[in-house]
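> Protein chains in written order, with my numbering: chain U, 1 to 119; chain G, 1 to 233.
Don't read these hints as lab results, they were simulated from the structure. Backbone N, C-alpha and C fix where the C-beta goes; we use that ideal spot for every residue, glycine too.
Which chain U residues face chain G? A few, computed with CB under 10 Å, are given here: (1) Y50; (2) L59; (3) I73.
Distance ranges between label pairs, derived from CB positions: (4) U:L22 <-> G:G183: 46 to 54 Å; (5) G:G106 <-> U:I5: 34 to 42 Å; (6) G:E30 <-> U:K118: 48 to 56 Å; (7) U:V32 <-> G:S83: 19 to 27 Å; (8) G:L152 <-> U:E67: 52 to 60 Å; (9) U:M1 <-> G:N32: 19 to 27 Å; (10) G:A166 <-> U:I5: 40 to 48 Å; (11) G:T34 <-> U:M1: 24 to 32 Å; (12) U:T105 <-> G:R94: 20 to 28 Å; (13) G:M1 <-> U:G107: 23 to 31 Å; (14) G:G183 <-> U:T105: 47 to 55 Å; (15) U:L22 <-> G:L176: 45 to 53 Å.
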Amino acid sequence: MLATIAMITGFLLILIGLYGALSNRNILRMIVAFTVANTGVNLVLVAVGYMNGRTAPILNDAIAAGEAISRIIDPVPQALVLTAIVIGVGITALMLAYTYKLYQTRGSLDIARHTELKW
Amino acid sequence: MIKRFTVMLLLAGLGAIFAGLIQNYVPDEELNLTAAYYAAHTAKDIGAANIVTAIIVTYRGLDTLGEVTVLFLTAAIIGLVLSQGNRQQQQPQRKLPPPGELLVTGTRLLLPLILLFGAYVFTHGHLTPGGGFQGGAIIASAMLLLLLSNPLKRFSHRLITVVESASGLAFVIIGLLGMVWAGGFLDNRILSTGTFGELFSAGAIPIIYALVGLKVGAEFSSMLVSLSETEEL
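Just chain U, with the same shape it has in the complex (with noise of 0.2 Å):
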């Protein structure tokens, strides 16, 4: 149930997001929407690790290591995740630097006004 509801969370966290980069034209909007999606995918990929009535994969006096394996929810989603979001501050910051870079050149943040790319 619990992971259900993160899950459904997770997911629509990933839509808004998605529909804040695709109709806002304003660059700093976008990587705003951009970061919002990037929390959805997190959170729908720690929501599959997730498994009921199991605890935290650290192993203490309330978990002896030989009982881990029928008690503690799965790690590997988790290590992903911490990967996840490292590299998700990374690219945030170069879209940043990169934005600074535009307005620079065309003293506007309207992503109208960057016809380079269009076609």
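Using the hints, position chain G against chain U.
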């Protein structure tokens, strides 16, 4: 109008695909083969209490090395893209209002605490939720606080580069030592795995994660500094 319609059509199609995915989603009852291997062998082989850390630093250590390389490239490209053009150190056009008393005192109070917390997070990555990437981000947030309290502050790019390259180099050297003294590249058992759950345990994982933390902190700080230097005053 037609544009908006196309966007809506596209999103409706994607939404239908997502709905189908959710409807047919059956959560696993048991861990799959890979996850079960990690759950069963981490405590014995790696000695790390946090299984996610064991996966990131040891089982998939090569991916992490690639990840910090991608981050390094990002920081380098941002520096390159933003450095062209207005490099000349222009004096501020107008007199900046002084930062408030609260901000200055608050920065002085919080800065060491934030740095300490960042170091705590990356040295305890093998025991608690956290690790090099999170700790590095916390350290970079301390740099952001400094920049907020004094927008004219200039950090030494040289120092950032030295920290970044030295920790990256040490990371690779520890990985290579793993090939000589243990099972393979980035094997953490070049040091004893120690007592399970202690700070000095899990072999080389705390050292590797501390290096990753310094490297990520330096890279994020370099991005922040590059972006802040574009600010027109």
